[in-house]
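> Each chain, written out:
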Amino acid sequence: MSKSAKRELHIRVDHLTRVEGHGNIVVNVSNGKIEDCRWEVVEAPRFFEAMVRGRKWYEMHHITCRICGICSIGHTLASLQATEAALGVEVSEQTVLLRKLALHAENLQSHILHVGYLVLPDLMGVGSVVPLAGSHPAELKTVIRIHRLANVFSDTICGRTTHPQRLVPGGFAKYPKVDELKKLRHGLTEALSDLKEVARLVGSLANRFPAFSRETEYIALKSDQEYAMYHGQIGSSDGGTWAPGQYEEVTNEFCVPHSTAKYTKHNRDSYMVGALARFNLNADKLTPEARAVAKLFKLKPVCYNSFMNNVAQIVECVHSAEDSINIIDRVLDRGLALEDIPPIKVRPGRGVSAVEVPRGILFHDYQYDDSGTCIGANLIIPTNQNHNNIYHDLQALLPSLLGKPEKEIELGLEMLVRAYDPCISCSAHYLKVKFKK
Amino acid sequence: MSKPRVAIFDFAGCEGDQLQIVNLEEVVLDVLGQVEIVTWREAMKEQSDHYDIALVEGSITRKSDEERIKAIREKAGILVAIGACATIGGVNCIKNFQDEKFVRRYVYGDKAHWYNTYAARPVSAVVPVDANVHGCPINREEFVQILKALLQGKKPFIPNYPVCVDCKKAGNVCVLLKGQFCMGPVTRAGCGACCITEGAYCWGCRGLVDDPNMDAARELLGRLGISAGEALGQIRLYDGYGEEAR
Numbered sequence: 033m034s035k036s037a038k039r040e041l042h043i044r045v046d047h048l049t050r051v052e053g054h055g056n057i058v059v060n061v062s063n064g065k066i067e068d069c070r071w072e073v074v075e076a077p078r079f080f081e082a083m084v085r086g087r088k089w090y091e092m093h094h095i096t097c098r099i100c101g102i103c104s105i106g107h108t109l110a111s112l113q114a115t116e117a118a119l120g121v122e123v124s125e126q127t128v129l130l131r132k133l134a135l136h137a138e139n140l141q142s143h144i145l146h147v148g149y150l151v152l153p154d155l156m157g158v159g160s161v162v163p164l165a166g167s168h169p170a171e172l173k174t175v176i177r178i179h180r181l182a183n184v185f186s187d188t189i190c191g192r193t194t195h196p197q198r199l200v201p202g203g204f205a206k207y208p209k210v211d212e213l214k215k216l217r218h219g220l221t222e223a224l225s226d227l228k229e230v231a232r233l234v235g236s237l238a239n240r241f242p243a244f245s246r247e248t249e250y251i252a253l254k255s256d257q258e259y260a261m262y263h264g265q266i267g268s269s270d271g272g273t274w275a276p277g278q279y280e281e282v283t284n285e286f287c288v289p290h291s292t293a294k295y296t297k298h299n300r301d302s303y304m305v306g307a308l309a310r311f312n313l314n315a316d317k318l319t320p321e322a323r324a325v326a327k328l329f330k331l332k333p334v335c336y337n338s339f340m341n342n343v344a345q346i347v348e349c350v351h352s353a354e355d356s357i358n359i360i361d362r363v364l365d366r367g368l369a370l371e372d373i374p375p376i377k378v379r380p381g382r383g384v385s386a387v388e389v390p391r392g393i394l395f396h397d398y399q400y401d402d403s404g405t406c407i408g409a410n411l412i413i414p415t416n417q418n419h420n421n422i423y424h425d426l427q428a429l430l431p432s433l434l435g436k437p438e439k440e441i442e443l444g445l446e447m448l449v450r451a452y453d454p455c456i457s458c459s460a461h462y463l464k465v466k467f468k469k
Numbered sequence: 028m029s030k031p032r033v034a035i036f037d038f039a040g041c042e043g044d045q046l047q048i049v050n051l052e053e054v055v056l057d058v059l060g061q062v063e064i065v066t067w068r069e070a071m072k073e074q075s076d077h078y079d080i081a082l083v084e085g086s087i088t089r090k091s092d093e094e095r096i097k098a099i100r101e102k103a104g105i106l107v108a109i110g111a112c113a114t115i116g117g118v119n120c121i122k123n124f125q126d127e128k129f130v131r132r133y134v135y136g137d138k139a140h141w142y143n144t145y146a147a148r149p150v151s152a153v154v155p156v157d158a159n160v161h162g163c164p165i166n167r168e169e170f171v172q173i174l175k176a177l178l179q180g181k182k183p184f185i186p187n188y189p190v191c192v193d194c195k196k197a198g199n200v201c202v203l204l205k206g207q208f209c210m211g212p213v214t215r216a217g218c219g220a221c222c223i224t225e226g227a228y229c230w231g232c233r234g235l236v237d238d239p240n241m242d243a244a245r246e247l248l249g250r251l252g253i254s255a256g257e258a259l260g261q262i263r264l265y266d267g268y269g270e271e272a273r
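Protein chains in written order, with my numbering: chain Y, 33 to 469; chain B, 28 to 273.
Note that these hints are calculated values from the structure, not bench results. One should not assume that every hint holds.
[To be verified] Straight-line Cα separation of at most 30 Å, DSS-like style, residue types lysine-lysine; simulated pairs:
| no. | chain 1 | residue 1 | chain 2 | residue 2 |
| --- | --- | --- | --- | --- |
| 1 | B | 195 | Y | 88 |
| 2 | Y | 209 | B | 196 |
| 3 | Y | 215 | Y | 173 |
| 4 | Y | 173 | B | 175 |
| 5 | B | 72 | Y | 173 |
| 6 | B | 138 | Y | 215 |
| 7 | B | 128 | Y | 228 |
| 8 | Y | 206 | B | 196 |
| 9 | B | 72 | Y | 88 |
| 10 | B | 175 | Y | 88 |
| 11 | Y | 297 | Y | 330 |
| 12 | Y | 209 | B | 175 |
| 13 | Y | 209 | B | 205 |
| 14 | B | 90 | B | 30 |
| 15 | Y | 439 | B | 205 |
| 16 | B | 128 | Y | 297 |
| 17 | B | 30 | Y | 88 |
| 18 | B | 128 | Y | 377 |
| 19 | Y | 88 | Y | 377 |
| 20 | B | 72 | Y | 436 |
| 21 | Y | 214 | B | 196 |
| 22 | B | 195 | Y | 206 |
| 23 | B | 138 | Y | 297 |
| 24 | B | 72 | Y | 65 |
| 25 | B | 205 | B | 175 |
| 26 | Y | 215 | B | 30 |
As the structure is a computational prediction, the values presented were derived from the model and not from experiment.
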């Protein structure tokens, strides 16, 4: 009988660290048999869908971006698109270009924060980024440089990094200056070489990611024109596309008997959203430099190793920087115009949006009455959609770790959850996962 | 002398204020040189129950959170609320004016009874707070300035004049003069009137000044055709726990 077969193991990681929000991992193994392996979300629910009922169309983006401090730009853009769809507002080509820049800024900021500050400590065997200031000052400074540039990027386009004010229904309340865009372009070229350095560093440590694999479904936006972030059709790695308005056919929220959580599922037990899902569906649309970095890690679609989400985030950082340079060139070539917001006429109706934010596909669905007051809202957040996949991944990973020392098992499970970059305070505005004892 | 030990905690909120601390980038390393961060779940694995200063983000929205914040208060010499959710209740309080049963049912359907919640409130509604870093999100520079003052044993400067003062300094054209709504005349300054500068209006995220001149504000808004009811709705956007919102 092997050592793991008789194993008694009780792991409880309360308030998992280096993730956004409060979640617990609970494992009970008795006589080598897994009795319990669960992922609990204990974040306080915030009830945003109810909260926005009764509020006006011009406040919706301001309120819903408060769901998440890290993806506030993404929530703002999803909110604006839903409101604009409901009220029949057309935005200009320049607005779309600038909004795409805003999304890239957030993607870069969020991903480098996750990879550099939250994941790197695991790969280097330390508890936080703080000791790296002493042991790896040059590497840490590179990460900080990229992160600061990403924040300057958000400041330049949105006026601020968190809870942006310039993004409003119909367009922009204020524009960046031409010389600011030129300076930003220069900063992004420098960030590209910094990012390659980070890629090499993580590449040298990539053997610390477990060789895990579990086939699952990947859901992300898809477009014929580009690596879809701002708009597109909902796509699945199992095939098929759906219009954003049909999102409920894909998300299929449901309850499971052993959990009070609403999970999402489509073709299989669960599906995954986020950088790896986008990579798996749209790798051929990445910029050349991003493709080169994917090659460095031997990352190819379809990759079923959830830990590689961290690597997909690095690939996307490079893509966001490179594609942003191209977009800035287009904006400057067209000539930056200080366009006025088009007049917006209030009308009753429903609007649905689907936007790719750092952690995956995000849906906002609003209904307005004839005074432009919100009378119904549904928001489906990326981490919501990932909870079920995290749960199934934990179940699949645990048996392979059972022969190892407890500390290593704990670290492996923590690293798995962390790989999803879960945004628990986002997801818990909507649901709370609780398992029966 | 040993460095002051700092712990960072969060309750119901978006963690955007902690992100502003991260966004200090190199400055954070300087600040880190002056203090020892001993607990910060969002950023580090290590945790300690021994700390001098607690920074708390988020609102208190359920009974079980009360126990947690009380325990933190007991351990901390100085407790600082950071961000609108912690200082005044913030957007979480919007739901306080809706029927609680309905709110839970609307979001969680027939499983509503699984979810605990009560009227959202600022940290100061449950335990004494020593200093507030206002804003949604907090202003990074103001945060550093308040933390420095506290580390030196000084009373931090927190403005008690309206955003209009900041707005004039920023050289903005008054949005009220353009005939649009603005919370600036009654809202606590210290933000540099950032939202107005970026093309929006003041939403009131820093809460009202002490003794705001509400009559004058109502009259002013009335002249713009904004009813008392609409103005109340705007106060409830962030400051729903405050007296003026009730």
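> All hints, please: hold or fail.
Structure-based check of all given hints:
Annotation: proposed proximity of residue 195 (chain B) to residue 88 (chain Y) holds, straight-line Cα distance about 28 Å (limit 30 Å). Taking the CA atoms of residue 209 (chain Y) and residue 196 (chain B), the gap is about 21 Å. The hint holds against a cut of 30 Å. Taking the CA atoms of residue 215 (chain Y) and residue 173 (chain Y), the gap is near 21 Å; set against the 30 Å cutoff, the hint holds. Annotation: proposed proximity of residue 173 (chain Y) to residue 175 (chain B) holds, straight-line Cα distance about 24 Å (limit 30 Å).
Distance check on the hinted pair: residue 72 (chain B) and residue 173 (chain Y) sit about 21 Å apart at the alpha-carbon level, within 30 Å; holds. At most 30 Å may separate the alpha-carbon atoms for a hinted pair to count; residue 138 (chain B) and residue 215 (chain Y) exceed this at roughly 52 Å. Proximity of residue 128 (chain B) to residue 228 (chain Y) is assessed by CA-CA distance (about 52 Å); at most 30 Å being required, the pair is judged violated. Taking the CA atoms of residue 206 (chain Y) and residue 196 (chain B), the gap is near 19 Å; set against the 30 Å cutoff, the hint holds.
Under the criterion of a C-alpha separation no larger than 30 Å, the hint pairing residue 72 (chain B) with residue 88 (chain Y) is inconsistent with the structure, at around 42 Å. The straight-line distance between the Cα atoms of residue 175 (chain B) and residue 88 (chain Y) is roughly 40 Å, outside the 30 Å bound, and the hint therefore fails. The suggested pairing of residue 297 (chain Y) with residue 330 (chain Y) holds, with an alpha-carbon distance near 29 Å, which does not exceed 30 Å. A C-alpha spacing of about 34 Å is found between residue 209 (chain Y) and residue 175 (chain B), which places the hinted pair above 30 Å, so the restraint is violated.
Restraint check: the Cα-Cα separation between residue 209 (chain Y) and residue 205 (chain B) comes to about 24 Å, which is no more than 30 Å; the hinted pair holds. Taking the CA atoms of residue 90 (chain B) and residue 30 (chain B), the gap is about 34 Å. The hint is violated against a cut of 30 Å. At roughly 63 Å between alpha-carbon atoms, residue 439 (chain Y) and residue 205 (chain B) are farther apart than 30 Å, so this suggested pair is violated. In summary, the hint linking residue 128 (chain B) to residue 297 (chain Y) is supported, as the alpha carbons are separated by about 28 Å, within the 30 Å threshold.
For the hint linking residue 30 (chain B) to residue 88 (chain Y), the alpha-carbon distance of about 49 Å lies beyond 30 Å, and the restraint is violated. Annotation: proposed proximity of residue 128 (chain B) to residue 377 (chain Y) is violated, straight-line Cα distance about 34 Å (limit 30 Å). Our distance criterion of 30 Å between C-alpha atoms is met by residue 88 (chain Y) and residue 377 (chain Y), whose separation comes to about 13 Å. Taken as a hint, the residue 72 (chain B) and residue 436 (chain Y) pair is honoured in the structure, with Cα atoms around 21 Å apart against an allowance of 30 Å.
As the CA atoms of residue 214 (chain Y) and residue 196 (chain B) are separated by approximately 28 Å, the hinted pair is consistent with the 30 Å bound. Note on residue 195 (chain B) and residue 206 (chain Y): the hinted pairing holds, with a Cα-Cα distance of about 18 Å set against a maximum of 30 Å. Restraint check: the Cα-Cα separation between residue 138 (chain B) and residue 297 (chain Y) comes to about 19 Å, which is no more than 30 Å; the hinted pair holds. For the hint linking residue 72 (chain B) to residue 65 (chain Y), the alpha-carbon distance of about 29 Å falls within 30 Å, and the restraint holds.
Between residue 205 (chain B) and residue 175 (chain B), the direct Cα distance comes to roughly 39 Å. Violation of the 30 Å bound is thereby established for this hinted pair. The straight-line distance between the Cα atoms of residue 215 (chain Y) and residue 30 (chain B) is roughly 40 Å, outside the 30 Å bound, and the hint therefore fails.
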